[in-house]
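For what it's worth, the working numbering labels the leading residue of the sequence shown as -3, then goes sequentially.
Just so you know, these hints were derived from the structure itself, not from any lab.
Note that CB positions come from ideal geometry on N, CA and C, so glycine has one too.
Some clues are possibly wrong.
Restraint-style ranges between C-beta atoms, simulated for each label pair [claimed, not checked]: (1) Arg139 with Lys57: 51 to 61 Å; (2) Ala133 with Phe80: 24 to 34 Å; (3) Arg(-2) with Gly141: 27 to 37 Å.
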Amino acid sequence: MRSVGYLRVSTSGQDTAAQRAAIEAAAAARGESIAEWFDEVRGGHSLARPELKRLREAVAKRQVGRVYVFRLDRLARSGVADTFRVIDQFRAHGCDLVTVADGLPSVVGPWGDVVIAVLAAAAEIELGALRERLRVARERLEREGGKWGRPSRLGRDDWPLLLELQAKGYSVRKIAMAVKVPRATVSRALIAARAAHEHR
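Kindly produce the complete structure, drawing on both the sequences and the hints.
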């Protein structure tokens, strides 16, 4: 039986090291090792996540016998229905689920379903509370004249250089490599720089 681990964090400022260590320890206690890791940086508000999709496809092909997650909310945080959608798929293809930190001895049977439903509902409520806190913080910051979000890695002072490099025939990719920032950031900065230049 092939065991795999699914790891998820919501932002790039977090890492999955603690989840991985806990899962490895739990698997070792069962005399198992993790054959493959499915690791992604995505919010849990939707099931449309690349690594979760890849995991579900592997389960559907019966390539996975057991999935380890740190907590149930790493798998799904978008409500009871979504959580059971994934778990029911696992069950239909003979795949077991182990949630390391939730203290569940098993997620099978009627009592397992009750516990899963409670944990899934709690995760959804927690996500809603987090969104509400973020909304309040954003509104307060904007009322005080602040700007929400991370500061741009390319400011107005960088625009002349970007325009100069583009005029010399540099592609967005080459500019991104030269200034060591993502291509999407360069593209946005160039659009803003050209718009500012045209409205002089």
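Which earlier hints turn out false for this structure, listed by number in ascending order?
3
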